[in-house]
Amino acid sequence: MAACGEAVRGFLFEYDTPRIVLIRSRKVGLINRAVQLGILAYVIGWVFLWEKGYQETDSVVSSVTTKVKGVTMTNTSTLGTRIWDVADYVIPPQEKNAVFIMTNMIVTPNQHQGHCAELPDDNTVCKDNSSCVPGYVSIHSNGIQTGACIPYNRSINTCEVFAWCPVEDDYPIPKPAFLQEAENFTILVKNNIWYSKFNFTKRNILPTFSSTYLKNCIYDAQTDPFCPIFRLGNIVKAAGQNFQEMAVEGGVMGLQINWDCNLDRAASHCVPKYSFRRLDNKDSANTISPGYNFRFAKYYKDSSGIETRTLTKTYGIRIDIIVFGKAGKFDVIPTMINIGSGLALFGAATVLCDIIVLYCMKKRYFYREKKYKYVEDYEVGTSETYGTNS
Amino acid sequence: MAACGEAVRGFLFEYDTPRIVLIRSRKVGLINRAVQLGILAYVIGWVFLWEKGYQETDSVVSSVTTKVKGVTMTNTSTLGTRIWDVADYVIPPQEKNAVFIMTNMIVTPNQHQGHCAELPDDNTVCKDNSSCVPGYVSIHSNGIQTGACIPYNRSINTCEVFAWCPVEDDYPIPKPAFLQEAENFTILVKNNIWYSKFNFTKRNILPTFSSTYLKNCIYDAQTDPFCPIFRLGNIVKAAGQNFQEMAVEGGVMGLQINWDCNLDRAASHCVPKYSFRRLDNKDSANTISPGYNFRFAKYYKDSSGIETRTLTKTYGIRIDIIVFGKAGKFDVIPTMINIGSGLALFGAATVLCDIIVLYCMKKRYFYREKKYKYVEDYEVGTSETYGTNS
Amino acid sequence: MAACGEAVRGFLFEYDTPRIVLIRSRKVGLINRAVQLGILAYVIGWVFLWEKGYQETDSVVSSVTTKVKGVTMTNTSTLGTRIWDVADYVIPPQEKNAVFIMTNMIVTPNQHQGHCAELPDDNTVCKDNSSCVPGYVSIHSNGIQTGACIPYNRSINTCEVFAWCPVEDDYPIPKPAFLQEAENFTILVKNNIWYSKFNFTKRNILPTFSSTYLKNCIYDAQTDPFCPIFRLGNIVKAAGQNFQEMAVEGGVMGLQINWDCNLDRAASHCVPKYSFRRLDNKDSANTISPGYNFRFAKYYKDSSGIETRTLTKTYGIRIDIIVFGKAGKFDVIPTMINIGSGLALFGAATVLCDIIVLYCMKKRYFYREKKYKYVEDYEVGTSETYGTNS
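Residue numbers (this note's numbering), protein chains in the order written: chain A, 11 to 400; chain R, 11 to 400; chain W, 11 to 400.
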C-alpha cells in the first residue's frame with residue numbers, strides 16, 4: 011500500500027526533462043538555426059498558408075437545371091421551309107446535368123414495316139439470291155435478310171430485308187450543318203450547390219444581380235464572368251473548337267463549374283468559375299463513330315391504322331454540366347496532424363546537426379565525450395560501478 | 011576490416027537512451043501531468059472516439075430507380091374532362107437519379123408551320139410594316155419576322171412571324187395548379203449503394219421488410235423511417251415548402267439519401283437517412299425563370315400528311331435523388347498517422363513545462379544548472395577540457 | 011541592450027543536443043535495433059511502397075456516351091410480324107451515363123379516354139353499385155371510380171372507372187421475354203476522364219487501336235480487355251446472371267469503369283478496368299416491383315381529331331455506366347506527413363526499450379542510476395545543491 015502510494019506520488023509530483031548539452035559554437039549553432047528555420051518556413055508557409063493544411067475539406071453536392079432559347083429557319087428540298095424551335099431541337103426535353111441541342115440531321119420520313127433492299131456495303135451487295143442468307147442479321151444490319159437479291163437502285167442489287175422501309179441512307183452527312191444558326195442559341199444554367207459537412211449552400215445566380223441584368227446578359231470570361239446565360243457558339247469557341255466544324259458530326263462539350271471555396275472567408279467570396287472543354291475525341295481518323303449522334307423516331311398512324319414513323323439520325327452538341335469543387339474550413343484535427351508532423355520534423359534538424367557535429371567536425375571526439383556517457387554491462391558481484399551517481 | 015566489425019558491433023549491441031533529470035516538485039509535476047492528460051484526452055477522445063481517426067474512409071457509389079403511381083382527373087374548357095396517369099405526367103418516362111412530375115401546364119394544341127402574329131411585347135407590338143424587320147429574330151422570339159405588321163387580336167397589332175402557329179401565349183399561368191392532386195402521388199425509390207474500397211453493398215429496401223408492408227407503407231420520419239415509398243406532398247412539406255404554391259411554377263426538390271456507415275459494426279447498422287431540401291430559388295422576384303419548366307411537343311400527321319404538333323409548356327416538380335455518404339472502417343495507416351501525431355504532441359507538453367520551469371519559476375537558475383551542460387568551443391592545443399568525461 | 015545582444019548571440023550561436031547514455035548490452039541493443047527495423051519496414055514497406063503514402067490523390071471527373079446496335083424480329087398475334095431496331099427499343103434515345111434497352115413488354119394499343127371496367131383485384135371486384143364509391147381513387151387505380159359496377163368479362167364484375175380505356179392488364183408477363191435476341195445487341199461506350207488536380211485527361215478508346223479493330227472487336231476480359239464494344243448478353247453473364255431470366259422482368263446492370271492510375275508512371279499505364287455487377291435485387295419474393303419497368307405512351311390523333319394512345323409497360327435492362335477511380339501523384343505534403351509520423355513512431359522504439367531496460371531487466375537499478383539524475387526541490391536559503399554543476 012505504501013509502495014503504491016509512493017509510486018503514485020512519484021508519478022504525479024515528478025517532472026522529467028531530458029538533459030541537454032549546450033555547445034557554444036558559431037558554426038554549428040548557425041547550421042542548427044538555419045535548418046530549424048527552413049523547417050518552420052516549410053510548415054508555416056507551405057503546409058498552412060499555401061496548402062491550407064489547417065482546413066477540413068468537403069466535396070460539393072450539386073443540382074443543375076437548364077433552359078435553351080433560340081429559333082431558326084431552314085429551307086431544303088426534302089423538308090421545305092421549316093422553323094425549328096426549342097421543342098424541336100432539344101432532345102430529350104429535359105435531362106439531369108446535361109442538355110442536347112441538335113445541329114445536323116438525316117431524316118428518313120414515312121418508314122413502314124416491310125420488305126425492301128438493304129443499304130449497299132461489302133456484305134449486302136449481291137449478284138443473285140445465292141449471296142443472301144435467309145434470317146441472317148449482323149450488328150450493322152437495318153433488318154433481317156429474306157434471302158432474295160433485289161435492286162437497290164438502277165446500278166446496284168442488294169439483299170432484301172424485312173425492316174422499316176425505306177432503309178436509312180446515312181452516308182452523305184449534310185455539310186454545312188443543317189442548323190447552322192444553333193451557334194446563336196443560348197443556354198441558361200441554374201446551379202445550386204451544397205457542402206454537407208459545413209451545411210453551406212449557394213446558387214450560381216448571385217444575389218447581387220437584378221432581373222434586368224439577368225434577362226439580357228451573356229456570359230463573357232472578362233466582362234460578365236458570373237452571368238449564367240451562355241451562347242452556344244461562345245462555349246464551343248472557348249474550348250478552342252470551331253462551331254461549324256463541330257456542328258456537322260456533333261460532339262460533347264463540358265461546361266465545368268468549379269466551386270473551390272474557402273469557408274473561413276465571407277460567403278460572398280464563394281463564387282463559381284466556369285470553364286469549357288471538349289469531351290469527345292475530335293480526331294475523326296482515329297476513332298469509331300466520331301462526333302455524337304443517335305437515332306430517334308416519331309410514330310404516326312395513317313387513316314387505315316397502319317403505323318408509320320419518321321426516323322431521324324440526329325447529330326448535335328451535348329453539353330455535360332460538370333460541377334465539382336472542394337470547400338475548406340478550419341478544423342482542429344488536420345491542424346493538429348500537421349502541427350504534430352511539423353514538430354516531429356524539428357527532430358530531423360537535431361538528427362542532421364548531430365551527424366555534422368559528431369562525425370564531420372574536427373572536434374568531433376570532444377563533442378562525443380560531452381554528449382555520450384558510456385556504460386558497460388557489468389557482471390553480478392562487481393560493486394565498482396554500482397551506486398555511482400553522475 | 012576490424013574497424014568495420016567494430017562499427018557493426020557498436021551499432022547492433024548498443025542501446026542509447028536520453029539522460030533525464032527528474033525534478034521532484036509538486037507544482038511542476040502536476041502541471042506536466044495535467045498537460046499530458048489533456049493531450050491524451052484530446053487524442054483518444056476527440057481524434058479516435060469522436061472523429062474516428064482510426065478509420066479509412068470511402069465515398070459511396072450508387073444506383074437509383076424510381077416508379078411513380080397515381081391518377082387524377084381534370085376538367086377545363088380547353089381540354090374537357092381528362093384523366094392523367096403516369097404515362098401522361100412523368101416526362102421523360104425514365105431518368106437516371108431523377109424523376110419529373112408535371113403539376114401545371116400551358117397547352118397550345120394544333121400548331122402548324124406557317125405565318126401568324128407574334129406574341130405582343132415591347133419589341134413586337136407595331137403600328138405599321140416599318141416597325142418590323144424581315145428576317146429579324148431575337149432570343150425571345152417564337153419565329154422569324156417576315157416584315158409585315160398584322161393584327162394579333164382586336165386591339166393590338168404585332169409583327170408577323172414564320173413560326174409554329176398559333177404562337178404560344180404563356181403569360182397567364184394557371185392558378186391554382188392544373189394537377190393539384192399530384193400532392194397524393196407516390197414515388198417508390200429503390201437505391202443500391204456500394205463502397206468499392208470495402209466491397210460492401212446494401213439496398214435501401216431493408217431485408218427485414220415483408221412484401222405486405224412494402225406495398226402499403228408511406229415514408230414518415232417518425233413512424234416509418236425506412237419505407238422507400240414517398241408521398242409527393244410530404245416530400246415538399248418536409249422541406250418547409252407549400253405544395254400548392256410550388257406546383258404553380260414548379261420547382262426542384264432534392265431527396266437526399268445519406269449513407270454514413272461505420273463498417274466496424276454489423277452491416278445491419280448501415281441504414282439510409284432520408285432528408286428533403288428545395289434546390290431551386292423560391293424567390294420569384296429576384297431570379298429569372300422562377301420555378302422549373304420546359305417545353306415539349308407531341309407530333310401528329312393529319313389525313314393530308316401535314317405535320318401538326320401540340321406544344322406543352324410544362325411546369326412541375328423535378329425530384330433529384332442525391333445519394334451521398336462515407337463509410338469508415340478500421341485501417342492501420344490513419345491509426346498510425348494519428349498515433350504518430352499524438353506522440354509528437356506529447357513533446358509539446360515537455361516544451362511547455364520546460365518553459366515554465368526554466369524561465370518562469372523562482373528556482374529557474376537552479377533547474378537550468380541541472381538540465382544544461384555548457385560546453386565552450388576550444389582552440390586546438392588547449393588540453394584543459396579535452397578528455398574530461400562527465 | 012547588451013543583455014538583448016547577449017540573448018540573441020546565445021540563441022544563434024548555440025546548439026543544444028540531448029545527452030545520451032550509451033548502454034553496451036547485447037540483449038537490449040538487439041531488441042532496440044529489431045524494434046527500429048520493424049518500424050522502418052512498416053513505414054517504408056507499407057506506408058510508402060504499398061499504400062503509396064507519398065502521393066496526393068484526386069477523384070475522377072468523367073463523361074460517357076453510348077451507342078447501341080442490333081436488330082431483331084418478333085411474331086405475335088397482337089402485333090403480327092414486326093421488326094425492332096435501335097429507335098424502337100432504346101428509351102429514351104439518349105441519356106447521360108446510362109442506356110435502357112427494352113427486352114419485354116405489355117402493349118395496350120388504342121386507348122381512348124372514357125369509361126370502362128377497372129382491372130379486377132381485391133378492391134375493385136363488385137357485386138352491385140353499392141360496392142363502388144363515386145370519385146374514389148387509390149394509388150393502384152387506373153382511373154377514377156364512377157360508382158357503377160359493370161362486367162369486366164363474362165365472369166367478373168368490377169367498378170367502372172373514367173380512365174384510358176381499355177385499362178391495361180399487366181398480370182401475365184410474357185415468358186420467355188419478347189425481345190429474346192436482345193442478348194446479341196452491342197453497346198459502344200465512349201468514356202473520357204479528367205483528373206482536375208493533375209490536369210490529366212484520357213479516353214477509354216486507347217490511341218493504339220486501329221479503326222478496323224474497333225469496328226469489329228467485342229469486349230472480352232481475357233482476349234480484348236480494352237475493346238469498348240460490349241455484347242449485352244456478355245455483360246449480364248459476367249455479373250453472374252442469366253440473361254433470359256433477367257430479360258423477363260428487367261433489371262439494372264452496372265458497367266463499372268475503374269480508372270485507378272499512378273501518374274508517376276507513364277500515361278500509357280493509365281487504363282480502364284471494366285467490371286459488371288447487377289444493381290437491383292434479383293430476389294422476386296422479397297421485394298416490391300421486382301426487376302425494372304416503366305410505362306410510356308405514344309400518342310396519335312385519329313381522323314376525327316380524337317386523341318388515342320398506345321400504352322406500353324416496358325421491361326428491360328438499364329445499364330448504368332459508373333465511372334470511378336483515384337489518381338495518385340507524388341506530392342510533398344503527404345510525404346512529409348508520413349515521414350513526420352514515421353519519425354514520431356521511432357520514439358516509440360525508445361519508449362518500449364526504456365520500459366524493458368528500466369523495469370524488466372535484472373540490472374534495472376544500475377541502468378536507472380545511469381539514466382536519471384534526481385533533483386530534489388530545495389528551500390530558499392539552503393546553499394548545498396545550488397551551484398553544483400554536473
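Where hints are given, some of them may not hold.
[Claimed, not checked] Straight-line distance between alpha carbons at most 35 Å, and here's what the computed DSBU-like set of lysine-lysine pairs gives:
(1) R/K311 x A/K339
(2) R/K62 x W/K339
(3) A/K77 x R/K373
(4) A/K77 x A/K185
(5) A/K77 x W/K77
(6) W/K323 x A/K339
(7) W/K323 x A/K185
(8) A/K225 x A/K79
(9) W/K207 x W/K77
(10) R/K77 x A/K207
(11) R/K247 x A/K207
(12) W/K339 x W/K185
(13) W/K323 x R/K323
(14) A/K37 x R/K373
Because the hints were derived from the structure by calculation, they are not lab data. Note that this is a predicted model, so its numbers are computed, not measured.
Here is what the structure says about each hint:
1. R/K311 x A/K339: 60 Å, violated
2. R/K62 x W/K339: Given that 35 Å is the threshold and the Cα spacing comes to 26 Å, the pair holds.
3. A/K77 x R/K373: 78 Å, violated
4. A/K77 x A/K185: Given pair A/K77, A/K185 holds - Cα atoms ~28 Å apart, limit 35 Å.
5. A/K77 x W/K77: Satisfied, since the Cα-Cα distance of roughly 25 Å is no more than 35 Å.
6. W/K323 x A/K339: 50 Å, violated
7. W/K323 x A/K185: 40 Å, violated
8. A/K225 x A/K79: The hint holds at about 12 Å.
9. W/K207 x W/K77: OK: W/K207 and W/K77 at ~30 Å, within 35 Å.
10. R/K77 x A/K207: 30 Å, holds
11. R/K247 x A/K207: 24 Å, holds
12. W/K339 x W/K185: At roughly 53 Å apart (the allowed maximum being 35 Å), W/K185 and W/K339 break the hint.
13. W/K323 x R/K323: Holds - the C-alpha atoms of R/K323 and W/K323 are around 26 Å apart, at most 35 Å.
14. A/K37 x R/K373: With Cα atoms ~32 Å apart, A/K37 and R/K373 stay inside 35 Å; holds.
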